[in-house]
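Model the full structure from these sequences, guided by the hints.
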Amino acid sequence: MTNYIIRRLLYLIPVLLGVSFLIFLLFNVVAGDPTAVLLGKNATARQMEELREQLGLNKPLFMQYLDVVKSAFTFDFGRSWATKQEITYMLKQGAYPSLTLTIPAFVISTVLSLFISLFVAYYRGKGIDLFIRFLCIAGMSVSALAYILGFQWLFAYKLGWFEISGFEYGFPEFLPYIALPAIIWIILSLGPDVRFFRTVILDEIYQDYVRTARAKGLGEMTILLKHVLRNAMIPIITYTVIQIPFLILGALLLENFFGIPGIGGMTLNALNNSDFPVIKAMAILSSVVYIIFSLVSDILYTIADPRVKLK
Amino acid sequence: MKENSLWKDAFIRLTKDKWALASLIIVVVYSLVAILSACGFIAADWAQEVGASNLAPNAEHIFGTDIFGRSVFQKVVRGTQVAMSVGLATSLIAIPIGVVLGAVGGYFGGWVDDFITWLYTTFSSIPNIMLLISITMILGKGLFAVYVALGATSWVTLCRLIRGEVMKHKEREYVQAASAIGGGHTRKLFKHILPNVTHIVIINTSLQFQVAIKSEVILSYLGLGVQGEPSWGTMIDDAKLELARGVWWQLAGATLAMFIIVLAFNILGDALRDSLDPKLKGK
Amino acid sequence: MKSLVIFILAIVFIGCTKEHQFDARELHLISPEKIAGLDPIHASDRYSGLEVGKVYEGLFEFHPLKRPYELMPNLAEALPQVAKDGLTYTFKIKEGVLFHDSPAFPEGKGRELEARDFIYSFKRLADPKLSAKGWWLFDGKVKGLNEWREKSSKEETTDYSAEIEGFKVTGKYTFQIKLVKPYPQFLYALAMPYSYVVAQEAVTHFGPEFLNHPVGTGPFILPKYEQSNKIVYTKNPNFRVKFYPSEGEEGDEKLGLLSDAGKKIPLVDRITVYVIVESQPKWLGFQKAKFDVIELDETQADQALTEERVIKPEFRNLGMRLVSSPQIDISFFAFNNEDKIFKDVRVRQAMSLAYDRKEANKLFQKGTGVIAQSIIPPGLAGYESEFKNPYVAFDVEQAKKLLSEAGYPEGKGFPEVTVQTRNETIARHQIEFFAKCMEKIGIKVQVGMNTWPELINKVSKKQHQMYTMAWGADYPDAENFLGLVYCPNKAPGSNGSNYCNPEVDKMFEEAVILQDGEERTAKYKALNEKIALEVPWIFGFHRTKFSLTQAWVKNYKFMEFNHNQAQYLNVDFEVKKELRKKF
Amino acid sequence: MTAPLLSVRNLTVEFHTSEGVTRAVNNISFDIPHGKTIGIVGESGSGKSVTSLAVMGLLQKPAAKILSGEILFNGEDLLTYDENQMRKLRGNQISMIFQEPMTSLNPVFKVGEQISEALRIHKNMNPKEAWDKAVDLLTQVGIPNPAASAHKYPHEMSGGQKQRVMIAMAISCEPKLLIADEPTTALDVTIQKQVLELMHDLQQKYKMSMMFITHDLGVIADIADDVVVMYRSNVVEKNTAKHIFQTATHPYTKGLIACRPNLGNNPRRLLTVSDFMTEAGEEIKLDAGKVEVFDKESVPEKSSEILLEVRNLVTQFPIKGGLFGRTVDHHKAVNDVSFTLKKGQTLGLVGESGCGKTTLGRSILRLIEPAAGEIIYKGKDIIKAGSEEMRQLRKQMQIIFQDPYSSLNPRMTVTEILTEPLIIHGVGANRAERVERAKWLVEKVGLKVNQMNRYPHEFSGGQRQRICIARALMLNPEFVICDESVSALDVSVQAQVLNLLLDLQEEFGLTYIFISHDLGVVNFISDHVGVMNAGRIVEMDRASEIYKNPREEYTRTLLSAIPKGKAGLVL
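Residue numbers (my numbering), protein chains in the order written: chain C, 1 to 311; chain H, 312 to 594; chain A, 595 to 1177; chain D, 1178 to 1748.
These aren't lab readings, by the way, just hints derived from the structure by calculation. Careful, some of the hints might be misleading.
Below, a list of computed lysine-lysine pairs in the DSSO-like style, where the Cα atoms sit at most 27 Å apart [claimed, not checked]:
(1) D:K1242 / C:K126
(2) C:K59 / A:K1056
(3) C:K226 / D:K1310
The calculated label-pair distances, taken between Cβ atoms and stated as ranges, are [unchecked claim]:
(4) H:G362 / A:A1064: 27 to 37 Å
(5) A:E757 / C:F62: 39 to 49 Å
(6) C:G170 / D:Y1258: 52 to 62 Å
(7) C:Y96 / D:S1335: 53 to 63 Å
(8) A:E744 / C:F21: 35 to 45 Å
(9) C:F21 / H:A367: 50 to 60 Å
Every residue gets a Cβ at the ideal spot worked out from N, C-alpha and C, and that includes glycine.
This is the structure:
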């Protein structure tokens, strides 16, 4: 097992190099010079030169690439150009609100999708199966922006069930703020989740061991919940674990519209203000987390499926 | 008995499912509308002022008018052209890259496969939204940048699927039979394996199509969308200001138009997978 | 199946709003822009200025109520004595003023403010290492300062102890500033947030984190600034004695703006500022009384005002009050005058004539904007209300005639023009309307959407044909606007349209060195009329600022330049308690 | 005679699918007395499996419809039972085992858990008791160190062991009736023998009656007391085993028995069902001339020229391990094999699964690159041949694969499949000429010309194998390897294909290597036979020599494992 983990971690290096090169290409080489941006409308050419020097933009390109690589491996992203704050500090600040929204929404939507897909698989082919699947697909066919505008206006303002925007720290306090965005997240993710889980469960239902279980006199429901689910969990775990890295990125639109000071809002703000250090930091952070989680998902895969031995 | 290939078989099965048939018709209608509006036969005068600004839906203008008094219905129809072209262009960029890289990686294995796996892992580890935005920032604004950005981010899933499928088919006996009769790599890959994995491309394309349409809205929100042409994305973005003013019909019009086509593509994608994917036969 | 339904109900139940606990003396305000940290030398836009203004203070401030705006001493004892040659200013500051308590000071106790603190703050503005956005304020104005900046940019660390000829500390509470050449607007510069006073101990103690640990002398304190969407200020316990002004503009008495005259300020204990960028949450939140004051943008104005631009009954019944006041600003479509297609003035005049300002005013500002005849907005010396710019009228025929004279009959041969703007929906609409107008004379116009930094980048690098923007006055002096067409200020300076006209430059240089008075106003008027005919920009509007305040908010008056407004606001406790039930 | 345990009375079952209605079981009746084993024999599609599923009540509800009939179990009609009543019965009174041991056990549960599950439901034992009973059952079915094996997962066991676990699971509640649907078909013949013996002993011990379903007459002869023969959803004959094998009355039964190659005799051509019965089902008088027996040795060798010689051939597969997945060891699938093959001869290679016979066949054609040794074809060592030279050689050497469903490209018509080899080698001036040759060969292999534009999925297994043969012969090769080419076919279809191969050999003077695990088939078709085990040829000699007096111990065990039927039955 440890051999496998070491090998996968070593695999992290080329991917990180690849990511940092891609980011370097996108931001340093192509995106041009930010000094005019940072100095505001009354900047003088002299000032811009001084700033370029100070930000190290005059260094040869290769040196700049090394900086990107160094930050990729050391997670020291320097300071944001807009807020002049330590980026790692900002990430820590933003992590709490973002995760209070994304983690519960993610957990509820996964559990809900599992319930629905089991229910739908049990009644496969019948009307209820078609109807619920239709609902889930319909749910994801509306644009996120339309949901945000519509729901915020209807549920938060007109009916007053939820807070319109803002965020409070602490357990019970933040609930009225994240409830509505969480519901929107759930509606949007039910469609793809249910579709995937149902296919996986159906694949298992038609396997031979289910026929054997029936021959043993097990009821359809016990077969579904014991035998089929246990097998279906293998692909479901990998599918779910791979989505975790994107929780960290937070929900850009939801946070921006519902006034949640999370990483998503911060990223969107950075993208809007060409705050390259923050954008680079986010890209590197999410790719490192992505790779680590794909490793975690492989390991979970072997734990769930006794047939797979980590070579 | 007339011979029918697997494609005809699948098509017959597909059209038996009335939902799939309805979605297919919707997709065809939308494509027709898109082509007609592209050639200027319909909704060419969408920029015409037809009434007072922000008129509520009425008999004459079923979707009402926008801030400049332009008919929202005309804009929605015109918007179909942008949406379908975004979906189509994205697929036209994503399919060749995804299929070629996936096939080559899956078929040859070894360091070629490692390189391609490294490539798509790198691409998929950076969140889509960042790739989208940085590419559009570089290529400048407008439809072309949107096409390239969406294309560059959607080839990854297709490449991964095709690679897996090609690896499976490479071991199948009909491929070994092809080498037994002296067939070379190109013949085996392009004449034998690829035709048997194209169903993956079709299923994935119909699902990617709707993702592209939805992404166009987000890009418009970030100001990176299409300029000068009405698109559902810009219309929903306008709604940001209008909803508070009680002007809901532009949001409703664009969302409804998009809802129908995205729903159609989703249902079509599921139906295609059931009818094309041999594994799920007879469920 | 049953458990599923209960589950969903649970989410809905815990989600509903909790009752807002409120205490008497608390204000809830909105900032529509993200705040990048509280450092005076970087407070380049109005909203970061307002936040800085709650914690820091400057030598002078504009009188909160008197219009037209006039300076009044803040940390200074009185207005400075100006030597005959207009170059040497002598200042005396108030005694006994204390900095906020902060770990930067010995035993955490805020020390007394001294004259040398001001010199340190001005030097910090000039420090090349910090590349302060406000440096243009002192650039080329103070004797020896530019040389000092030049020298420091070569050294490793800036040497603050170095003597500068222009700054001389003459006593614990007195200091002198010597200018290079007469600069009448210099006092205004000392009222802007850029020149607010900071303590050297705080800057060295917090280092790069200084912008998140403001230590000023202001009425409110903010120990730690969190990058979040909510900033909470509390009253400064040892704030110096300062009273609410007892006289103001004619009519303020009737509006109740003088009811707190003579009271010790600040009048509230706590201010919470919510950072909300999107229009819908702001507007809906205000209607649920989450916020006390809201500056209305175009759509919200449309929603809140009747056709006669009066507050709608449904809001009046909730006790809300509409505060409207003309802004000293101008919105415009700027040409890139270095682009050869705009060289011919007739082209510029034709495009200006073809722009239907009345319709635009109705569509985008509900008719509340004042059509700009030239560059100087109303409320500043040099503005003539009777002056009518012939090229501001809406005359498509005349425009077509001028265009064909310039060699482009019916717009044939005229290239497609892209107007750059910031990626805001309302800006896109305005350009789409502008494009519709230009289409009538055969000119095709495209929208160019950019993030704010991209727009600044394009303007400062002259990579544009046209761009649209609005310029708000930094200080109440027409020089601030006339400088926008002064050739030496060409991009990357503030003259984004790169307009160069030797005549205009000569008239500008003669006018700005004069002290405020009859002679200078006459020169400003002549210059204003000259610029009007030259049409360097397509002049848009001088806009009116609309704000809505809840019934219980007292002393709210729109203050263009005064960033210390928060200390003058008050809350009527009874009205708030009784009206709360209505929301 | 006491009432039979189970009696099926004119049962009719139909399947309603999107492709239309098919009648799977047509008015069949038979009884299963207590303690007796009834063998149900029939080819695929005869309805035997559907019958067993009907008894167990496991037919897929929406599609399958039971139109009429009764299934009396201890006098009660199971068809009237509702789902709950049936569930109490399944696994308790009636239990069932299936054909594919590889996939019939749940891969993620321990073997012990799966066995004890039925016990806990039907006998409501607590987990501890159930586990101990499970371990005891494992000993009964002959699993080595049962206590440890109970903790194993299915993938850690061989096919034979997994089938034993299935049997343990089935008999856990001491059922009255055990239904076995092709339990040993997927097993190697030696293991099949042990499993059949085990089932026989358990039947005696628990006095169970058994319904044994298979297409293999040999197995039926071994285990069944009475036999029911099914053909196209009808029961054509049912009688005691002795009567069926010696004095079968129905032509289909006679055809079925005759077309099975067995070691006893060496017919020149196998009889097929069509020699006994027309398509419509009437009987045809068998003319004696067809049964031509000849002694292989007496036939003079066609030519003494050696077409192919293999010298100490080795093919190995790397075994990965260590930190970087370096190859740590090699598994020698073909381990130092040498033999010669004369032109026009047929060399049979027989052995159990995993003995390397397929790898050997593929290595000779360099579909898998051998590691060492020489393959001299017409005097030239083809291992050293360059890629172009190899391509030319491919014209003369061809291969026919096992699975007719996966060896034809599903998206090409028959014409395209057959003309492809000619296109690759540029044979035939134009398309018309190539299609002409394809037409000629299609007729040669017994298919109709008008079917040439059809796609593979529209043909039966036997027809597809004929297409593969036609494809192999398009370049009129001299040497063809048949890799388990008939194993996937039904017995009657198998006979036709074997006869076709022999006819083609005579007509075109082909040389064959025939690879199979079925000793009967290999004996029938080959002149010489090589018995393989663990990558080596343990014994090689003339076919009749191998069967009359096998020298090697391994060959003897293989021969003895072939089911020949109980004493007294002539097979």
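Hint check results:
no. : hint                         : result
1   : D:K1242 / C:K126             : 18 Å, holds
2   : C:K59 / A:K1056              : 25 Å, holds
3   : C:K226 / D:K1310             : 22 Å, holds
4   : H:G362 / A:A1064: 27 to 37 Å : 30 Å, holds
5   : A:E757 / C:F62: 39 to 49 Å   : 43 Å, holds
6   : C:G170 / D:Y1258: 52 to 62 Å : 60 Å, holds
7   : C:Y96 / D:S1335: 53 to 63 Å  : 55 Å, holds
8   : A:E744 / C:F21: 35 to 45 Å   : 39 Å, holds
9   : C:F21 / H:A367: 50 to 60 Å   : 54 Å, holds
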